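S.K.: If you want the building blocks of each chain, they are given just below.
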Amino acid sequence: VTFRNRCAFYDEDVWSQLAVAAAVVIPLGLDLYLPAPEENPLTAEKIALGRQLFFDPRLSRDGSVSCATCHLPGRAFSDGRAVATGIGGRVGRRNAPALVNRGYGRAFFWDARMTSLEEQVLKPIEDPNEMDFTVAEASDRLALSADAISRALASYVRSILSGNSPFDRFIDGDRAALSEEEQRGLAVFRGKGNCTACHVGPNFTDERTHNTGIAWATGTLTDAGAGRGAFKTPTLREISRTAPYMHDGSVATIEAAIDVYDRGSTPNPGLDPEIRPLRLTPDEKRALAAFLQTLSGEVREGGR
Amino acid sequence: MTRMQSKVPRALAVGILSAVLMVTVTAQRPESAAALLESAKQKEQIEGDLPGAIKLYQAIVERFEKSDRAAAATALLRMAEAYEKQGNVQARKAYERLVNEFVDQAAAVATARSRLAGAARPYQALQNKRVELPGSWQYSAGPVSADGRYLPFADDSYNLAIRDLGNGTDRVLIRPLGTVGSRGSPGSMVISRDGAQFAFSWCHQVGKEMSRVCELRVASLRAPGEVRKLSGDAETSFKPLDWSRDGSEVAVEMRQSNARRIGFVNARTGSVRPLKSVEWRDIARAFISPDGLDLAFELQPAETSRARDIFVLSVDGSRELHVVDHVSNDLLVGWSPDGQQLLFASDRRGVMALWALPWANRKPRGEPQLVTSDLKGESLGISRSGALFTQAWTSSRDVEVAAIDLAAGRQTVPPSKVVPTGTSMNPAWSPDGSSLAYTTTRGDSQVIGIRSMATGTVRELTVSAFTSMQGLTWAPDAQAFFVSGADLRGRYGVYSIDVQSGAVAPIVTPIDRNDQLSYEGFFWSPDARLLYYHSQNGKIHEHNRGSGTSREVTRGPFGPISLSPDGRWIATSRRDEGATHASVVLVSTTDGEVRELLRLEPGHWINNVAMLWTPDGQGLLARKMLTADGTKSELWVVPINGTAPRKLDFDANRIASFAPGKMRLHPDGRQFAFVSGSTTAEIWTLEHFLPAATEVRK
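In order, the protein sequences belong to chains R and S. For the first sequence, this note's numbering begins at 157 and goes up steadily by one. For the second sequence, this note's numbering begins at 209 and goes up steadily by one.
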C-alpha cells in the first residue's frame, strides 16, 4: 500500500472521466451522483445558456436586476446583505441564500416551498420585490420558451459546486489540512455542538425545515416560514463568504451564530427539540468557529 | 348469571340496557358500503382476524354487487388478498370472479389479473432447504460467493471463516488481534465474482480518542495471509457490499462520524468514488446487477418508520431510481442471474414474502409479483445458478430469576423464566424492586415489558422510536427508563422513555458511533444527579442531569462498569493490551484513580457485563469466565476489603454468554435476574424459484 493510496482516497483520473461524462466537474468531497430530472439532463449547452441567463438583467421588468445581482459569484452566490434588494431598490423579506451545491437539494427557498430547481428558478422573476416581471414577458423578451429558461437556469445552478475545502482534504487523508484547533472544532461540530442534528452529509444540510427560534422575538412570530417559524437548513459550505446569516440575515458573524445556538436560541412553542443550551466553553466556541471557516473551498460554476 | 344481575345497581342496569338497545338498533340500520368496508379492514388489519374479515367482505360483495359495484369489487379484491395471506386456494377463485364478473371495474380487474399472472407461475412447490453449519458458526459474515460454493461466517472466536458447501469443510481466513476490537478484528466480507479474492473490513481502535474504525482490506482466497489495506483511516470506515463484475472495484458503505455514503473503492489503488450520501441511514446490503451497470440497495426512506425501500443507482453515478416505493418494509434480496428480475422481500401482504420486480432496459417493467410467502430470514444473495441463500435467527433468550443467599454463597430457589417470550433480555429491577422490566420483540416491534413481581401481571410498552435500543435502566423515580440507541434519524445517544406514555426524550445526543456505549446501561449516583455509563472503547462517562453537562471520568481498557451504592467507586474489569492477567479494579468517581482489587489467573476473564455491587456496598458479584468461548463460567462474590473471593453455588453456565444485559441483582440482594438461552443463526437455500434462471454470459 503506497502512501498516496492511504492518504488520497480520490483518484484524479477517474474523477476527470466522470466529470466529462456528467458535463460538470465534481469537486473533492461531493457525491458523484448529482441528481437531475430525467426530462432535464445536464448538458454543456444548457449550462452555458443558463449561465448567460443568470447574468442577464433582461429577466427583470426594468432590465436592472439579474439573478447575479443578489447571487454574487465572489460571495459564493450570496450578496452580503441582510435581505435581498430587487428592482427600484425594493427590499425583500429574506436573505439571499448561497447557491452552492443546490443540485443536491431537495427543497428550495428558505421556507422549502419548492421541490425542484426547475420550478424554483422562475419564481424570483415574478416576485414583485425581486424582478417584478412575468415568465411569459421574459420569455417574449428573450425569445425563449419558459421551459427553456427554466431548464437552462436550473442546469446552471446545478453546475455551481463548492468542495475541495480544507475539510474535504482532511477527510481525504491530508491530516495537515486542519489545524489542531480546527480538528477540535470538528469534534464539537459532531458532538457537543449538536450541529449535525441538521447540518449533515457532504453538503451540511438535511434539506428540512426547523424552528430554530430565529423568527421569534419576545414571544412574537416575525415570519412564519414553512410554519411556526420553521426554515430550511442552509448549507454551511462557503459559510465564511456568506454572512450575514439566517433567513433574515439577522446574525452578522459566525461567532454570533454560535452564540445564538449556544444559548438555545429563542424559546417558543414550536422550538425544534434539537435546539437546547449547549454550554460550550469559550475555547470550544473558538474552535467551532475556526472549523466552520474550513468549509470554504473551491467554487466551480458553468461546468468548469 | 342471575346472582350477578342482582348485584348490578338499577341505574347501571338501565344504562347497559340502553347501550344494548342502541347497538341492536345500530346493527339493524342499513349502513353504507364504505362504512362496512372500513369495519372489515379494521378486522383484517387492526384485529388481525382474517376469517372474520373474509366473512365481512363476502357479505359486502353479496349485498352491494348490484347497487355499488365499485365497493363490491374492492371487497372482493380484499377478500382474495385475505385468502392469499392464509395461503387459501379460494384466493384464486375470488380473483377469477373479479375478472369474470366485474369487467366494469377496470382497476380492480387489472390488479386481479396481475395477481393471477403471479399465481400462475410454477412457484407453489418451492421448498426451503436448511444448510448444515459447523458448530463454531456464529453468524453470516457476508453474501454467498457467486458460484454458490462459499459462505462467509464469523466463528465463535470471531475469526472470519468460510464454509465450503461443496465438501462441508471450513477454513479460517482472518483472525482477530489482541482483545476484540482493540488491535483489530475482521468484520463483514464479500468474495469477488471469480472467487479469487475477498474484501473485508478490519476494525480497530485508533488515535487518542480510541475511535473504532473499520478499514477496507483485500486478500487472496488462496493465500489469505497476504492482506492489502485498501482504504480507511480515523475519519472514514468502510463496509464492503459487493464486487464489480470485473473485480476492479468494491462497492462499499463509507461512514464518517454518523454520516454514511455509498460508493466504490478501486481494488488496486484504493482510490474512492463516493457516489451518494445517505445521511444517517445504513446500507444493510447491496448487489450489483448482472450487467454490472447498476447497484441495487435498500434504505430507510423516512424518519418516521424503520421500513425500507429499494433503490437502484447506476455505478457511474449518473442516475438513481426509487424502484420499490411502498409503505411496507421492503428488503433487497438480489438480482436474478439473467438480470430480468430484481428480487426483494416485503411484508406488504402481512408476512415477509419473496417478490420479483420484472426488469428490462435498466428499468422496472411492470408490477412486482409474489414469488413465495415462505421466505426464511434475510438475503445472503443469489448464486449464478439461481439459488437464494438466507439467514434466519431463532432465539431462546429469556429472563430468569433465581433466589440467592449471598452470605451463604448459594442459590435458595432455582431459576425460573419470568415471561417466556424467546426474545427477552435486558432485565432491570425497578428502584423499589416491585417490578422487573425487560426488552423483547413482537414481530418487528421493540417492546418493554414491565412485570409486577407481586401479581405477575405484565404491562407492555411498544417502543417505535428507535432503530436499535440497549441498556434498559430505570430512572431513580421509576417514572422513566433510560436506554442507549439510535432514533429513526440514526442519531445515536442516551434517551429517556416515559414509563406510562412511552414518550421519548433525548438526554445525551449526539454520541459519536465511534464511542458506542456498552449494552449494560446506566448507573445513578445516590442523589440521582449524576448518570454514569461506559463506551465500548473503554471510556467512562459522567452526565450531570442538573446542568446537562458531561465529562469523561477516565479511559482505558475497561469493561462495563457498575457504580457503588455510595457513588464513590466504579467497579470494572481491566485487561491491558498484551497482559496475561485480567483484573477487577475500582475507579474513583472523583479523581479517576484506579485501584486493583483482584488479579485473575491467566486464561480467566471477567464476562463482558457489569459486575454487580451487593446492596451493602461491601462486595461485587462477578462472573468469571473459564474458557475463551464462554461455555464455562462461575459466579463469585469479591469482597472489596481485600479478603478472599467466594465462589457462589450457582450454575453460572446457564447465563447467556453473548447477550446484552445479562445480570441484575434485586435491591434487596436476594433475587438475581439474568438472561439464559441463545440466539442461533440458520442458513437456508431456496432453489428453482426463478422460472427461467439462466446464467448471464461473461
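One or more hints might be untrue.
What the hints assert, rightly or not - Here are the computed lysine-lysine pairs in the DSSO-like style, where the Cα-Cα straight-line distance is at most 30 Å:
| # | chain 1 | residue 1 | chain 2 | residue 2 |
| --- | --- | --- | --- | --- |
| 1 | S | K274 | S | K301 |
| 2 | S | K251 | S | K584 |
| 3 | R | K441 | S | K301 |
| 4 | S | K263 | S | K301 |
| 5 | R | K441 | S | K251 |
| 6 | S | K249 | S | K274 |
| 7 | S | K747 | S | K584 |
| 8 | S | K437 | S | K416 |
| 9 | R | K348 | S | K747 |
| 10 | S | K840 | S | K437 |
| 11 | S | K249 | S | K301 |
| 12 | S | K337 | R | K348 |
Said to hold, decoys possible - Some chain S residues well away from chain R (every beta-carbon gap over 10 Å; in silico):
| # | residue |
| --- | --- |
| 13 | D378 |
| 14 | E528 |
| 15 | G664 |
Hints in this document: simulated from the structure, not taken from any laboratory. Source: prediction; values computed, not measured. Glycine included, each C-beta is placed from N, C-alpha and C at the ideal position.
S.K.: If a hint holds in the structure, say so; if it does not, say that too.
M.R.: Results for each hint:
1. S/K274 - S/K301: holds, 20 Å
2. S/K251 - S/K584: Roughly 27 Å between the alpha carbons, so the hint for S/K251 and S/K584 holds.
3. R/K441 - S/K301: The given pair, whose Cα atoms are some 70 Å apart, is violated under the 30 Å limit.
4. S/K263 - S/K301: holds, 15 Å
5. R/K441 - S/K251: With a Cα-Cα distance of about 57 Å, the restraint between R/K441 and S/K251 is violated, given a limit of 30 Å.
6. S/K249 - S/K274: Judged against 30 Å, a Cα distance of about 21 Å means the pair holds.
7. S/K747 - S/K584: violated, 39 Å
8. S/K437 - S/K416: Between S/K437 and S/K416 the Cα gap is close to 22 Å, so the pair holds against 30 Å.
9. R/K348 - S/K747: Since the Cα atoms of R/K348 and S/K747 sit roughly 16 Å apart, the hinted pair holds (cutoff 30 Å).
10. S/K840 - S/K437: violated, 37 Å
11. S/K249 - S/K301: holds, 21 Å
12. S/K337 - R/K348: violated, 51 Å
13. D378: The claim stands: S/D378 keeps its Cβ more than 10 Å from every Cβ of chain R (closest is about 29 Å).
14. E528: Not fine: 6 Å to the nearest Cβ puts S/E528 too close to chain R.
15. G664: It holds; S/G664 is separated from chain R by about 38 Å at its closest Cβ, greater than 10 Å.
Figure legend: structure checked against the earlier numbered hints; hints not met, in rising order: 3, 5, 7, 10, 12 and 14.
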